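Novice: The listed protein sequences derive, respectively, from chains A and W. The numbering of the first sequence is the working numbering, which starts it at 5 and goes up by one. The numbering of the second sequence is the working numbering, which starts it at 258 and goes up by one.
Everything labelled a hint here was simulated from the structure, so no lab data went into it. Any given hint might turn out to be false.
As the list claims (entries may be wrong) - Which chain W residues stay away from chain A? Per the calculated CB distances, all over 12 Å, these:
| # | residue |
| --- | --- |
| 1 | Phe305 |
| 2 | Thr318 |
| 3 | Phe319 |
| 4 | Phe339 |
| 5 | Leu381 |
| 6 | Gly397 |
| 7 | Leu456 |
| 8 | Glu555 |
| 9 | Leu565 |
To be verified - Pairs of lysine-lysine, DSBU-like flavour, derived with a Cα cap of 35 Å:
| # | chain 1 | residue 1 | chain 2 | residue 2 |
| --- | --- | --- | --- | --- |
| 10 | A | Lys10 | W | Lys261 |
| 11 | W | Lys427 | W | Lys273 |
| 12 | W | Lys321 | W | Lys266 |
| 13 | W | Lys273 | A | Lys74 |
| 14 | A | Lys74 | W | Lys261 |
| 15 | A | Lys56 | W | Lys273 |
| 16 | A | Lys56 | A | Lys74 |
Owing to the predicted nature of the structure, the values given are computational and were not obtained by experimental measurement. Heads up, the beta-carbon is just placed ideally off N, CA and C, and yes, glycines get one too.
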Amino acid sequence: MNTQFKRGIVELCVLSVLVEEDLYGYAIIQRLAAHIDVSDNTIYPILRRLTKDGYFETRIQESNEGAARKYYCMTQQGFEYYVSLRDTWDAFIGGVYAIITQKGEKDGELFERLARRFTQAKDTDA
Amino acid sequence: MMPKLLFLKNLEDALKDCDIPRAERTEILEDYAQMIEEATVHGDVEAFIERLGSPKSMARTFAKDMPRKKQRSEKWVAVSPFIALIIFFYAGFAHDAWHPAWLAFLLIPVIAILSERNALLETLTALSVFVVLSVFMIVGTYWGLWHPFWALFLLIAGIAFLQGRHWLHKLFGLYTFAVVVGFILYVLLIEPMHDFVLLVFLPIPIMGLLSSELDGLFRQKSRQALRRFLGFALFAIGLLVIYLYLGINAGLWHPGWLLFMLIPIAGLLHTQWVEKVSVEPVAYTPFIAVILFFLWGEYGNAYAYSWLVFLMIPITAILFSKD
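Based on the sequences and whatever the hints tell you, model everything.
Specialist: Here's what the structure looks like:
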């Protein structure tokens with residue numbers, strides 16, 4: 005998948021996770037890794053950039069399980085950004101789905117027709 | 258070394274290489290240390306570190322996100338072909354100095370490198386090829402001192418040594434500088450030159466090999482780095498031997514030195530095809546242009562036209578621009 009495209013999606017995912025609750029870095033990465041492939045190291049740099057842009061604030065909180073944790077909390081600016089990004093995404097993905105599913109039940113018939121065409125083309129070539 | 262410490266050490270090195278400011282580095286390393294600590298508590302440390310990806314790619318991502326004042330320098334990059342052309346035509350028409358005025362075309366990659374605003378040593382390394390070539394051409398053209406000034410090309414390796422972190426890297430760099438300066442002075446001041454003096458250059462490729470092993474102590478991919486350095490060292494030794502043979506036996510100090518242009522070309526090909534890191538086609542053009550310029554100019558007796566090959570630099574830049 006295109007890196008920039010993926011970064012944009014991961015950005016929305018990070019915002020979506022933190023709109024629900026304040027979380028620390030490790031938990032955010034784990035939460036996202038449960039659903040999408042994050043092996044190319046995109047989450048923390050995005051988290052850091054969004055924090056610098058004022059979309060998150062951080063606070064340090066002691067933990068019973070080990071070292072103190074840095075929690076990321078969404079700001080109002082971050083929430084507004086999330087809403088605008090989400091609107092854009094919904095409109096875009098809605099459009100994409102409309103295009104690829106508009107054939108609806110005709111899909112089967114279409115696939116069969118194309119398969120026939122490719123078979124005929126192969127036979128002609130041979 | 259523990260996976261956590263090794264990862265943080267590699268990340269710190271990679272961040273330094275990408276010129277991330279110290280305050281940023283400290284904060285990034287603290288955050289990663291904390292996340293890895295958390296992963297350790299959950300018994301997930303190795304999988305987590307693997308999930309984080311390579312420190313190099315991480316550092317590059319941070320570098321991309323760093324605010325840069327690029328607009329102005331990008332304008333200079335865009336205008337550099339015209340500046341080069343003006344200098345070239347002025348020197349050519351007004352002073353009949355088409356050669357070495359063609360060196361003005363090297364301003365194009367030089368300005369592009371300066372505009373990248375990388376770390377100082379990284380910039381110096383990238384610039385060294387062009388600075389050395391320019392000095393070599395001027396000294397060779399006006400004073401006929403192709404030999405011993407060909408030794409300047411070894412300074413490129415010397416600067417690369419200085420980029421290493423181990424104190425031995427610095428020592429290798431200083432040795433290379435001392436040998437190059439000493440050799441040039443020796444040949445200029447003491448006649449005739451004894452061929453055995455050339456032995457002082459022998460440790461340089463050996464240091465190249467050792468240098469990769471020192472790197473291996475700091476980085477994980479020591480075997481890969483060793484193979485790369487071994488390949489390049491053998492390649493460089495081979496070229497040096499051929500060059501010395503051509504110089505001593507056939508007096509081809511010039512244009513035999515063009516052989517050394519194959520080293521950066523091989524480096525770029527290796528980066529592109531073996532390391533699978535994309536290289537802009539324009540990166541090849543200064544070296545190819547220099548080779549074609551001299552071969553066409555020298556053997557076709559056409560220096561009046563051969564400068565045209567330098568136009569391949571801006572043309573390639575425009576044709577393959579991603580913007």
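Novice: Tell me, which hint numbers fail for this structure?
Specialist: 1, 2 and 3
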